[in-house]
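These protein sequences, in sequence, are chains A and W. Here numbering that gives the first Met the number 0 is used: the first residue of the first sequence is 0, the next is one more, and so on. Here numbering that gives the first Met the number 0 is used: the first residue of the second sequence is 0, the next is one more, and so on.
Just so you know, the hints here were simulated from the structure itself, not pulled from any lab data. Just so we're clear, the structure is a prediction, and the values are computed from it rather than from any experiment. Hints may be right or wrong, so weigh each one.
[To be verified] Pairs of lysine-lysine residues, derived as DSSO-like cross-links and limited to a Cα-Cα distance of at most 30 Å, are as follows:
1. Lys-205(W) <-> Lys-84(W)
2. Lys-105(A) <-> Lys-205(W)
3. Lys-61(W) <-> Lys-84(W)
4. Lys-254(W) <-> Lys-36(W)
5. Lys-205(W) <-> Lys-63(A)
6. Lys-105(A) <-> Lys-63(A)
[As the list claims (entries may be wrong)] One-sided excerpt, in silico: chain A residues whose CB lies under 7 Å from chain W:
7. His-80
8. Arg-175
9. Leu-178
From the three backbone atoms N, C-alpha and C, an ideal C-beta is built for every residue, glycine too.
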Amino acid sequence: MPRSKPLSERASSEGAAEAATDFEDLFESAPCGYLSTDKDGRIIRANQTFASWTGFTTETLATKRLSDLLTVAGRIFYETHFAPMLHIQGSFNEVALDLLTSQGRKLPVIVNAVERRDDAGHPAFIRFTLFVAAERRSYELGLLEARDTAQATVAAERADSELREQFIAVLGHDLRNPLAAIASGVRMLEREKLGERGRTVLSLMEGSVVRAAGLIDNVLDFARGRLGGGITLSRDASEPLEPVLRQVVAELRAIAPDQEVEAHYSINDPVNCDRVRIGQLLSNLLGNALTHGAKDQPVRVEATTNADTLTIAVTNGGAPIPASAMARLFHPFQRGDDRVRHQGLGLGLHIASEIANAHGGSLTVRSDETDTRFTFTMPLIVP
Amino acid sequence: MPAIPFADMPDKSPVLSNNESDIVSRLNARLVGQGTKTMMFAHGFGCDQNMWRYVAPAFEAKFRTVVFDYVGAGGSDIAAYDAAKYASLNGYADDVIALAHALDIRGGIFVGHSVSAMIGMIAARRAPELFSELVLVGPSPRYVDDGEYVGGFSEDQILELLDFLDSNHMGWSQTMAPVIMGNPDRPELAEELTNSFCRTDPDIAKRFARTTFLSDNRDDLGAVDARVLILQCRYDSIAPVAVGEYVHRAVPGSKLVMLDATGHCPNLSAPDETIAAIKAFV
């Protein structure tokens, strides 16, 4: 690296000649490379800084073109893109190129250029200023690699998630079909003459079909929710809700014929809801009550409307829900391991809660020594 | 991606389709000038129709002139980019032919710079009625050396370029948002400077580089009905003199003019000499 003249050698009152020498010094030993080329890129003059960076003498440089000092890739870049841009715009800034030193080593630089024109407006010569940018360029390359990695990761995850979504859709479809076949087989057998034992088995089978169908619904809903689809509703206020609820209660009574279910309906207003979803919500709550409630006490279902609210409450007797379980009761996969009779994935209450939310309503629970009561409320009219 | 005419039939004569009039806006084609004969100016890899801004105006008095941007460059419709179609120069020739049809060009003059020289040769062979003159500026049918043939680059060097394009986005991302300061010498350009010159979508630039520098189009040289002028710079690190001479030998009856200019873009660096050479020919 050429050294500039030490400041101590300077006279305090420098003459004009001394100042001119300083301009020469500024050119030769500036902390950046200076190049002047003719309009076609042949080097006319290079400063000492540039010479020391590249390892060529200034005399050797004056026999070369700028593009001779570039890597092949950089040269093609330069000749097909930056040189045209320079001729059209008259300048370019912050162009990243790699110089090749006399040792064949790559020297990353940032280049600015200005084309000067003669009085007739024709290109006369070009001035280049170059800055070594090894660390900056390697930092930028690092950023680019990180960006590429992030993009690749996102793409891979998106592909994974699409695969999962397809898998779940196919799984749901594939599970529902054989289940439907079993259900219709059960219905056909019901018309046959069967013994007492046969009827009992058939009733158990019917209950299992209902329960399996409910589990599939819950799993699919949960998966969709996780994949960002959420619970989708198709609301319809024109059809009555009550028959759907009666159907759900009848199905679950069939599953647990030994348990008493008291149902009371008082739905006197149209309810703007997704009836299938509300049926699923009730099925989950009632299934939960039948599983966890005391077997010797009736489960009560009350579905009522008043001025502006639909309320569905499901109450069962038996031991209260432990305080420790309350906080996470509506979270997925809460199975209450203390309960021997518990079956299923622990998604029922979570999905019921999601359905309530999707309807702009809420699902709450109150549990004490007397009974446990889940209450769903939703506005009759969507705001 | 919208349907592109001829995308599936690169080697057949084009069939008129309803989309033909769209090609004018898709390629950002601009018509200027008088005259019954049309001159079409086509840019090469790395730039856009601005490549011709110092040359095309010189012909406006005598000819109807057309400049345009290939899909992916300048003001073209980038959404129309079709990687499969543009993987070969045939895809670009499709567009040249479609544009010529849309503009009702017959017996016109095609002026192609760099890779466009070969695109013009392909178009002229497929649709001989379109152009009666071809001007090839800095043509190269193959950039990679092959046995006796000297293209100017080794295969490794071209692969290095493609690696460079793949791994180093900096050069291109900068071209997408060049920091362009005012230009005291030419204040009239100041308004349109930012992002307006040689705009290139980085991904398309990579693909175009692949198509341009790894293609072998030597078989597309040969006899054509049109008269052919080759303009060769004395020193050109992209298309060396030997390549210009190869093209001259491979196109029977062609005329080779050695320009005093050096570099790869005489249309920008030496417009007067380029104009004079073309005028002497047409």
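Here's how the hints hold up against the structure:
1. For the proposed pair Lys-205(W) and Lys-84(W), the alpha carbon gap of about 15 Å is at most 30 Å, so the pair holds.
2. Restraint check for Lys-105(A) and Lys-205(W): satisfied, since their Cα atoms lie roughly 22 Å apart, inside the 30 Å limit.
3. A distance of roughly 35 Å separates the Cα atoms of Lys-61(W) and Lys-84(W); the hinted pair therefore is violated under the 30 Å criterion.
4. Proximity of Lys-254(W) to Lys-36(W) is assessed by CA-CA distance (about 21 Å); at most 30 Å being required, the pair is judged to hold.
5. Taking the CA atoms of Lys-205(W) and Lys-63(A), the gap is about 29 Å. The hint holds against a cut of 30 Å.
6. Restraint check for Lys-105(A) and Lys-63(A): satisfied, since their Cα atoms lie roughly 17 Å apart, inside the 30 Å limit.
7. The beta carbon of His-80(A) is positioned within 7 Å of a beta carbon in chain W (closest approach about 4 Å), and the interface hint is therefore held.
8. Violation of the interface hint for Arg-175(A) is found here, the shortest Cβ-Cβ separation to chain W being roughly 37 Å, above the 7 Å cut-off.
9. Interface hint status for Leu-178(A): violated, as the beta-carbon distance to the closest one in chain W is roughly 42 Å, over 7 Å.
Of the numbered hints given earlier, the model fails hints 3, 8 and 9; all others are met.
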